[in-house]
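Add chain B to chain A, keeping to what the hints say.
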Amino acid sequence: MFKYSKTIKSIVALILVVSFHVSATDYQEISIKSGEFNRGKKASKEEIRGWHIDISPGHNLPAGKGTAADGEQLFDDQCASCHGSFGEGVGRNPVLAGGEGTLKDTSRPERTVGSYWPYASTLLDYTHRAMPFNAPQSLNWDDTWSIAAYVLYLNDVITDEDFVFNADSFAEIIMPNADGFISDQRPDTNNKRCMKDCKKPASIHIIPALLGYASGAEDSINDDKSTSADNTEHKIGKQIYNTHCKLCHANGVAGAPKIDDKATWGERLKSGMDGVYAHAINGFTGKFGVMPAKGGAPDLTEAEVKAAVDYMIKDLEQ
Amino acid sequence: MTDKKWVAEVNEKNQETKALSTKIPHQETQAPERRKFLKQAAALSTAVVSASAIAAENLPPNVPDWQKTLGSPVNTNPYGLPSKYEADVVRRRVPWLTADSIASVGFTPLAEINGIITPNGLAFERDHAGVPAIDPNQHRLMIHGLVKNPIILTMQDIKRFPTVSRIHFIECPANSAMEWKGPQVGRLQFTHGMTSCCEWTGVPLKYLLDEAGVKPEGKWLYAEGADAASMSRSIPMHKALDDTLVVFGQNGEALRPEQGYPLRLLTPGWEGNTSIKWLRRLEVTSEPSYQREETSKYTDLLNPKDPDKSNLIGKAYMFSWIMEAKSVITFPCPEKPLKKQGKYVMNGLAWTGSGKIKYVDISLDGGINWKQAELNGLVLDKCWTRFSLEFDWKGEELLIQSRATGEDGYVQPTYAQLRKARGVTSIYHNNAIHTWKINKSGEVESVQI
Numbered sequence: 000m001f002k003y004s005k006t007i008k009s010i011v012a013l014i015l016v017v018s019f020h021v022s023a024t025d026y027q028e029i030s031i032k033s034g035e036f037n038r039g040k041k042a043s044k045e046e047i048r049g050w051h052i053d054i055s056p057g058h059n060l061p062a063g064k065g066t067a068a069d070g071e072q073l074f075d076d077q078c079a080s081c082h083g084s085f086g087e088g089v090g091r092n093p094v095l096a097g098g099e100g101t102l103k104d105t106s107r108p109e110r111t112v113g114s115y116w117p118y119a120s121t122l123l124d125y126t127h128r129a130m131p132f133n134a135p136q137s138l139n140w141d142d143t144w145s146i147a148a149y150v151l152y153l154n155d156v157i158t159d160e161d162f163v164f165n166a167d168s169f170a171e172i173i174m175p176n177a178d179g180f181i182s183d184q185r186p187d188t189n190n191k192r193c194m195k196d197c198k199k200p201a202s203i204h205i206i207p208a209l210l211g212y213a214s215g216a217e218d219s220i221n222d223d224k225s226t227s228a229d230n231t232e233h234k235i236g237k238q239i240y241n242t243h244c245k246l247c248h249a250n251g252v253a254g255a256p257k258i259d260d261k262a263t264w265g266e267r268l269k270s271g272m273d274g275v276y277a278h279a280i281n282g283f284t285g286k287f288g289v290m291p292a293k294g295g296a297p298d299l300t301e302a303e304v305k306a307a308v309d310y311m312i313k314d315l316e317q
Numbered sequence: 000m001t002d003k004k005w006v007a008e009v010n011e012k013n014q015e016t017k018a019l020s021t022k023i024p025h026q027e028t029q030a031p032e033r034r035k036f037l038k039q040a041a042a043l044s045t046a047v048v049s050a051s052a053i054a055a056e057n058l059p060p061n062v063p064d065w066q067k068t069l070g071s072p073v074n075t076n077p078y079g080l081p082s083k084y085e086a087d088v089v090r091r092r093v094p095w096l097t098a099d100s101i102a103s104v105g106f107t108p109l110a111e112i113n114g115i116i117t118p119n120g121l122a123f124e125r126d127h128a129g130v131p132a133i134d135p136n137q138h139r140l141m142i143h144g145l146v147k148n149p150i151i152l153t154m155q156d157i158k159r160f161p162t163v164s165r166i167h168f169i170e171c172p173a174n175s176a177m178e179w180k181g182p183q184v185g186r187l188q189f190t191h192g193m194t195s196c197c198e199w200t201g202v203p204l205k206y207l208l209d210e211a212g213v214k215p216e217g218k219w220l221y222a223e224g225a226d227a228a229s230m231s232r233s234i235p236m237h238k239a240l241d242d243t244l245v246v247f248g249q250n251g252e253a254l255r256p257e258q259g260y261p262l263r264l265l266t267p268g269w270e271g272n273t274s275i276k277w278l279r280r281l282e283v284t285s286e287p288s289y290q291r292e293e294t295s296k297y298t299d300l301l302n303p304k305d306p307d308k309s310n311l312i313g314k315a316y317m318f319s320w321i322m323e324a325k326s327v328i329t330f331p332c333p334e335k336p337l338k339k340q341g342k343y344v345m346n347g348l349a350w351t352g353s354g355k356i357k358y359v360d361i362s363l364d365g366g367i368n369w370k371q372a373e374l375n376g377l378v379l380d381k382c383w384t385r386f387s388l389e390f391d392w393k394g395e396e397l398l399i400q401s402r403a404t405g406e407d408g409y410v411q412p413t414y415a416q417l418r419k420a421r422g423v424t425s426i427y428h429n430n431a432i433h434t435w436k437i438n439k440s441g442e443v444e445s446v447q448i
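Line by line, the protein sequences give chains A and B.
Each step along the first sequence adds one to the number in numbering that gives the first Met the number 0, with nothing skipped, and position 275 is 274.
Each step along the second sequence adds one to the number in numbering that gives the first Met the number 0, with nothing skipped, and position 407 is 406.
So here's chain A without its partners, still in its complex pose (with noise of 0.2 angstroms):
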């Protein structure tokens, strides 16, 4: 095999030495032509009506018809469990109602039916395709345009509830926020290749995680459908108390105050959160015992200990 000369050697070593600087590489095009393959079979009209769901603001709107009055007890049955009576969600299932008015806040806008879709008929669509969600594909058309009906009077987009929701009314259906969208202005930013002296340090300011690096996984946290900012803080604080603090803490180890004992933690409370939360965090040694930096577990960001730390502190004050 061996049997290239020394210069072909070289050559060779050369290459090598050049493709270790990367390359961008291409895909061969494939040649064959299209067309002509006649492959599968024909689809019938029959065949293509029964899969045919999709329905836009002018395309395959279905028969049938129905009223916000007709619609109210289906929703009722069918949807406002989990959406609600009046569509405001239940849990972290969606908001289907109210909103209007909220899309120039900058921080929590409410994107509903109302208060965001363009179209009516993506209301009819998603819910013929995919509602009531443990039943998608189970609404007949007629009770798919009286539920759409009542999800748009919840929005006041229809305000006579025996208004006949059908194919022939349908274009006198104006959403509020039809205006709402424009086409991708993307790229919308230019940033430079800047290499040196880019900005000044002392415009930096960090700004921490709020939930660490233990944060999120669901091994050890319990699907629970609150919504609350604090409850999530609260669950992650939790989290991280059950995993590196309760050794300690639950019985008192080692000196540790018990979690449950109010007389202990008042006490120590007095003396101000700070100083609390940076024992829990640097480790201090104190009457009792020595408490670990951040309880033995260095991977603990201090946000975490201080999550598990307001833990242990909210248990108290149930």
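Treat the hints as calculated values from the structure; they're not laboratory data.
If you're wondering where the values come from, they're calculated on a predicted model, not measured in any experiment.
Think about it this way: if two alpha-carbon atoms lie no more than 25 angstroms apart in a straight line, the pair counts; the simulated PhoX-like pairs of lysine-lysine are:
| no. | chain 1 | residue 1 | chain 2 | residue 2 |
| --- | --- | --- | --- | --- |
| 1 | A | K198 | B | K304 |
| 2 | B | K308 | A | K191 |
| 3 | B | K205 | A | K32 |
| 4 | B | K419 | A | K198 |
Leaving out everything else, chain B in the frame of chain A:
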């Protein structure tokens, strides 16, 4: 003295390559000890001590246990499984993120991925109504609408068209969505884990469309999945005829159920959601279909901080398909801290939906100064690109960032630039430069600056 010619030949070759060997870029690999450590941190320190005592029995000069007994028989696991010591390398969910685990997302553990290919079992998963269990013999692809011959294809029909294999990333446009308002989740898996990169095998969509014969009025394609959400998106014909594939193979095997078994669309470089999984229907239309996933969701509500853009406040981008250039350092990261001072090779991943990655730059000081990183291995179109940079850690605090530039010249933006252009309410398309803070202890925190 010897006729073992190969000895001389090898020696000569060794001599020639010696000079090179110091130059070969290599990647930092991390032993799984740390994960073990994380788990054990909860246990009392005595447990750690006894664990290391046991471990020492397998270290030199002792002969390890596994060399003194026979291993398990061939084909013990006919499909194959990762080592039991890799049990922590799994997709994870963030339970509070979504209403339930049916319409949810499993994040790729990016810190554990080597190279540019995501193993099928770790490819991120976003489902809107669970993963259907589809019998491939009963799966059909219907192509109809503005076509001359509406057709129905079986899986066998599809596999007999010309096929190609392409390595492409997929990224959910909601990747990093939790980070718009400020840093939330302190773990790479959750800040960036809604992307993965696989070799996909399938038929270029144009073969199938030509079979049906698209009429001139056919400007859009409506694509629909066979899951309980009948997931659906509108795709313009130019993308459908360009590099879009109808895919059945993933990294050499059939698609995984979570990735759309037996058939999915792949729209390289575009919002992951447009690569409709469990593909059952393609309808050629004259206009977009305005599905829920391109109106209510996957639109970008704007609240630009830029006073010149105040006219855009409350408006939203629709059909923002391309995933713009993005990168993240995957070592070090919160899951992979630095253990001691010394020389390291930091590395990470960069990608762009508009083509190839041209440069990745790394800053150690929060974006004041930058150094060009090396691009390692293949640099492919709409594909993860691995980059690395050597650095010497002396125990100081660092703010490390990576910044990708695409071949189109687009440079990954800062948070300030993104917020200036869009505010913090647009959920999708957060491709900002990310910052890890290396603390004096070597632990790594996710921060924003």
